[in-house]
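Participant: Single-letter residue listing:
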Amino acid sequence: MLPLADLQSDFAEYLLAAPQRTANASLAESVATGGAPAEQRLAVYKNNVHAQLAAALAETFPAVERLVGQEFFRYAAREYVGIHPPTRPTLLGYGDRFPEFLGRFPPATTVPYLPDVARLELLYLEAYHAAEADVLDVDEFTALLDDDDARCALHPSARLMQSRFPVSRIWELNRQADTLDGKTTIPGEAEHLLIIRPVATVEVRRLSPGTYVALNGLVRGRALRDALAAGERAEPGIDQTEHLTALAAGGTFLRKEK
Amino acid sequence: MQPSGAASPPSMAPTGLRPVPAAAGIGLKPTHYAELLERRPSLAFLEIHTENYMGAGGPPHRWLEALANVYPLSFHGVGASLGGVDPLDQRHLARWRELVDRYEPALISEHVAWTGHAGTALHDLLPVPYTTEALNLLCEHIDAMQSALERQILIENPSRYLDFQQSEMTETEFLVAAARRTGCRLLLDINNVYVSACNQDEDARSYLAEIPGELVAEIHLAGHAIRTTDSGHELRIDDHGSRVCADVWRLYDETIERIGARPTLIEWDTNVPALDELLDEAARADAVAASALADSEEIADVAIG
Chain A
1 MLPLADLQSD
11 FAEYLLAAPQ
21 RTANASLAES
31 VATGGAPAEQ
41 RLAVYKNNVH
51 AQLAAALAET
61 FPAVERLVGQ
71 EFFRYAAREY
81 VGIHPPTRPT
91 LLGYGDRFPE
101 FLGRFPPATT
111 VPYLPDVARL
121 ELLYLEAYHA
131 AEADVLDVDE
141 FTALLDDDDA
151 RCALHPSARL
161 MQSRFPVSRI
171 WELNRQADTL
181 DGKTTIPGEA
191 EHLLIIRPVA
201 TVEVRRLSPG
211 TYVALNGLVR
221 GRALRDALAA
231 GERAEPGIDQ
241 TEHLTALAAG
251 GTFLRKEK
Chain B
259 MQPSGAASPP
269 SMAPTGLRPV
279 PAAAGIGLKP
289 THYAELLERR
299 PSLAFLEIHT
309 ENYMGAGGPP
319 HRWLEALANV
329 YPLSFHGVGA
339 SLGGVDPLDQ
349 RHLARWRELV
359 DRYEPALISE
369 HVAWTGHAGT
379 ALHDLLPVPY
389 TTEALNLLCE
399 HIDAMQSALE
409 RQILIENPSR
419 YLDFQQSEMT
429 ETEFLVAAAR
439 RTGCRLLLDI
449 NNVYVSACNQ
459 DEDARSYLAE
469 IPGELVAEIH
479 LAGHAIRTTD
489 SGHELRIDDH
499 GSRVCADVWR
509 LYDETIERIG
519 ARPTLIEWDT
529 NVPALDELLD
539 EAARADAVAA
549 SALADSEEIA
559 DVAIG
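Chains as they are written, first to last, in the numbering used here: chain A, 1 to 258; chain B, 259 to 563.
Bear in mind the hints are in silico, worked out from the structure with no lab data behind them.
Quick caveat, the model's predicted, so the values are computed rather than measured.
Note that beta-carbon positions come from the ideal geometry of N, C-alpha and C, so glycine has one too.
Which residues of chain B face chain A? A partial, calculated answer using Cβ under 10 Å:
id	residue
1	M312
2	P318
3	H319
4	R320
5	G335
6	G341
Computed list of chain A residues with no C-beta within reach of chain B, every gap over 10 Å:
id	residue
7	A58
8	F72
9	A108
10	L145
11	E235
12	G237
Whenever a hint applies, use it, and build me the whole structure from the sequences.
Facilitator: As structure tokens, this is what we get:
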């Protein structure tokens, strides 16, 4: 009879194997006889594992599920779990490689914006669970503008994203169960986004390209003045100070602990 | 906490600041956060899956903090893998500890199960064979978790879809031995007892009779589903997706009559209903317990008289 370590190792391998793969002989023989056969009993656990993980992915990526349909989503989830099974005891954050997986998943290539929608959903969830922190108010932010060397970090929930698709509009239309289906054409173009939860609600803010460059500079630790200049170079004629001040009013920049 | 080998379990200490009344509570679901906080219905406690609160911040913690001011909390873990051959995940225990320090839950529990192997987390409560080897390992892991949290934990009996040929003892012998050796106590899930008994063609009543009442610190009640396999056999699936069934209510009644009232959770994790339906199940648990206690007092009176 299988010792404990081998029993768990064979069982784990069985659970993650393809749906049609049956248990190996030593695992099947470890199951006590009587009533339902061993294979049917083991299958309950296999179904539970995959139902649970597919449900967790669907909870993180509801718009992706809406876009591709439940059946396709379950199929993609099954494939994903086989390649990238969870490694942590909490399911929070599981699916961090799902956007990248969808980008390389041949059946999904007919929906070219799908990986970007998945990426937005992942960043949304990251922002949702990110640490709490205080933000600068407009006066505090404005005071920094007078200081040549001032640096200014973003709130810990802040995530920047760019896409060559109108990803936030596609996402908005597909978040709710009763809106349009994935076939609807959405007018729009490339987007630059800030995903952030300054207080209790996650916001997806559309940025101008120059503002995106300026915020990206701040994330990389550049001085505020340099980040603003880089933003203005990327989008000549637009006053990035005004844009960043407006963002400060909505709660964007981290207030450093005194 | 007592070291392994202690003959009898310690009393229910140290608990959180707010002790749990021996009455019904419900599982806390995000869909009910706002309504619970606004209505504040009378409930003995709220129970969470600890792993769902392992994010750094955000709405889950904002809600939990607000609700912790109203209700005692029970932290129920699903991912520690106490029955696994892998060593316990120290980062996981450290996160557990942070949450325990922050919220001071009145009850802390985990499962007699393994949930991962060789670095892969399977996120299902997988069965252990009832062997001396598995018992030693489980006790080692319970000790480690109790030490990491500096708190007594409860361990829950699993719902089983199979038994192993390897088993050398019964499930009740296994659970009771683990509790006696580590000083932990039991979370008796009566729906799991019933589901497992049906699936193995065993008797739920004799199982319950083998559990010493003083070891039981909490009870779980839930609904389950019935599936027919391809082979035409019936298997009961512990899906926590419906009301508690009549047989389980009867077993609950008999258990309370025997051991007295305990904090009792209504568990409902899939197809989560409206809050009122959960409150209704909780009220029923309180009513069943009250009538069971009245019956046990009558029996005591007759015995004295």
